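There are 2 protein chains.
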Amino acid sequence: MKTTLDCIPCLLRGALESVRLASPHPRTHERIMRELLRVLGETSLEYPPPFLSQSLHRRLRILTGVEDPYRAAKDEQNRLALRFLDDMRDGIDAAADPLITAVRLAIAGNIIDLGVKTGIENKDIQAALIRAAEEPITGDIEDFRTAVGEARSILYLADNAGEIVFDRLLVERLSPARVTLAVRGKPVINDATIVDARDVGLHSLVEVIENGSDAPGTILADCRPEFVQRFHAADLVLAKGQGNFETLSQARRDVFFLFHVKCPVIADHVGLPTGTNLLRHHRG
Amino acid sequence: MKTTLDCIPCLLRGALESVRLASPHPRTHERIMRELLRVLGETSLEYPPPFLSQSLHRRLRILTGVEDPYRAAKDEQNRLALRFLDDMRDGIDAAADPLITAVRLAIAGNIIDLGVKTGIENKDIQAALIRAAEEPITGDIEDFRTAVGEARSILYLADNAGEIVFDRLLVERLSPARVTLAVRGKPVINDATIVDARDVGLHSLVEVIENGSDAPGTILADCRPEFVQRFHAADLVLAKGQGNFETLSQARRDVFFLFHVKCPVIADHVGLPTGTNLLRHHRG
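Chains as they are written, first to last, in this note's numbering: chain W, 3 to 286; chain C, 3 to 286.
Derived by calculation from the structure, the hints in this document are not laboratory data. Nothing here was measured: the structure is a model prediction, and the numbers come from that model. Don't take each hint at face value.
Label-pair restraints from in silico Cβ distances [as the list claims (entries may be wrong)]: (1) C/GLY67 / W/SER46: 21 to 31 Å; (2) W/ALA179 / C/GLY273: 36 to 46 Å; (3) W/PRO266 / C/VAL197: 30 to 40 Å; (4) C/ARG81 / W/ARG226: 55 to 65 Å.
Straight line, CA to CA, 27 Å or less: simulated BS3-like cross-link-like pairs of lysine-lysine [as the list claims (entries may be wrong)]: (5) C/LYS264 / W/LYS125; (6) W/LYS264 / C/LYS188; (7) C/LYS264 / C/LYS125; (8) W/LYS4 / W/LYS188; (9) W/LYS188 / W/LYS264; (10) W/LYS264 / C/LYS264; (11) C/LYS188 / C/LYS4; (12) W/LYS125 / W/LYS264; (13) W/LYS4 / W/LYS264.
All residues carry an ideal CB built from backbone N, CA and C; glycine is no exception.
Using the sequences plus the hints, can you model the full thing?
And the structure:
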């Protein structure tokens with residue numbers, strides 16, 4: 003999907019949050035925001051929002067010299083989410099439909115997105131978990147169940163740190179032997195990297211690969227050839243989060259997208275209200 | 003107060019709304035937003051947010067050729083609010099403390115601000131009115147009561163269309179003979195102009211003056227000398243809305259500010275949470 007003009011204020015708000023994490027100096031914040039306004043004024047909107055975000059965050063890293071401003075926040079996210087791992091696993095094991103319960107929890111993990119809202123706390127996570135057990139999922143549930151039943155290989159595209167703990171539970175339920183988990187190739191916002199996959203123990207459960215890109219989504223043209231090959235070869239691709247949806251919504255292969263519809267632009271694009279938990283089977 | 007970097011995404015969102023009201027053409031929207039990004043990247047943040055907003059909206063009028071993109075929306079706001087005028091007046095007359103009830107309703111009018119949120123409906127207004135009768139006001143209530151008791155002349159600075167109907171009720175309660183109502187000198191966003199004052203019948207109740215400026219606030223240096231003279235000469239100045247607060251919070255005279263704290267930047271500035279209904283006595 004293309005970037006809309008509505009994405010611009012939102013991208014700037016996200017960039018401002020990053021700038022403030024990367025530097026304590028108000029003058030630096032202002033200088034960089036002015037630079038980003040200039041860059042945004044000249045950037046094409048033909049590409050998906052994560053393309054612009056990638057460009058802004060590259061600029062930000064150059065200007066601040068800070069490679070991973072969200073590292074501490076990501077550690078905290080993982081730490082917080084890991085507290086609930088065993089309880090959540092027990093909940094899945096005890097559920098009437100463990101696969102879909104795991105899917106529900108993986109969406110719950112997508113709700114607690116530091117890239118959209120900061121200051122996440124224990125009670126927010128607990129509240130999200132309780133809601134997750136109750137909220138409906140819209141979309142192609144039975145298609146997904148069938149595809150999971152048939153697939154010999156599954157490529158799981160992770161989204162954010164913290165959320166990746168919830169992904170681990172779904173990975174466990176998908177039978178780890180056939181699953182490969184893909185993370186971003188470099189830090190960008192609070193997206194999960196190889197560090198997060200290790201921190202939450204996914205490396206000892208499945209093969210973890212990096213996609214080679216620093217976009218907060220999956221821009222295939224920007225990914226390593228090895229990743230792109232795996233993307234096309236997998237029997238099933240499960241892509242978490244809005245960023246992966248925005249960048250792969252026109253992919254030339256089947257993809258199951260799993261995300262919480264967080265903003266009006268995406269709501270308009272998928273034809274469903276914000277707040278929807280969506281499992282969508284895209285046919286490539 | 004100065005503009006913060008957090009204001010920039012918000013100003014852009016408001017500008018985008020205006021651009022879309024002024025033109026149906028997506029290419030025009032994009033061209034103008036790029037231009038506004040460039041302008042914002044070069045504008046000083048030393049002045050209050052309405053200064054930047056004024057600059058953006060001037061640019062917008064030049065680029066679109068549309069003088070008053072919110073005219074239809076303002077008419078609709080006035081029309082909607084006028085439906086409730088008699089009921090609200092009855093409510094004030096029957097109240098134990100009519101002055102403060104009128105103040106509460108004037109704040110309710112400030113909540114239903116098209117500049118912040120579009121798509122206001124009958125039920126939103128009714129809900130705001132019901133909440134208004136219940137919600138506390140924070141601030142210098144007794145100071146205000148005393149000042150109203152003593153003032154021979156009151157200058158009432160209006161804020162938005164629609165809201166101006168609620169202002170009329172407070173004006174009625176203040177004894178109209180001593181009140182002058184001031185509106186913006188030219189259309190900007192959904193701020194009330196002389197047209198709105200007439201539409202809601204204020205011109206037959208009090209003297210209505212224009213401040214001579216097209217800023218969505220009161221930038222004294224940009225106002226007509228006659229207005230500035232009246233501003234300094236009045237026994238009591240009552241300024242409605244965040245825009246007037248942002249531009250007059252360092253005024254060299256006493257001002258009573260009456261507004262709903264709508265955004266985190268203002269909340270931080272006044273040291274109160276968003277959602278607060280505030281009547282603040284500024285001592286100049």
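Which numbered hints fail: Going through the list in order, the structure violates hints 2, 6 and respects the others.
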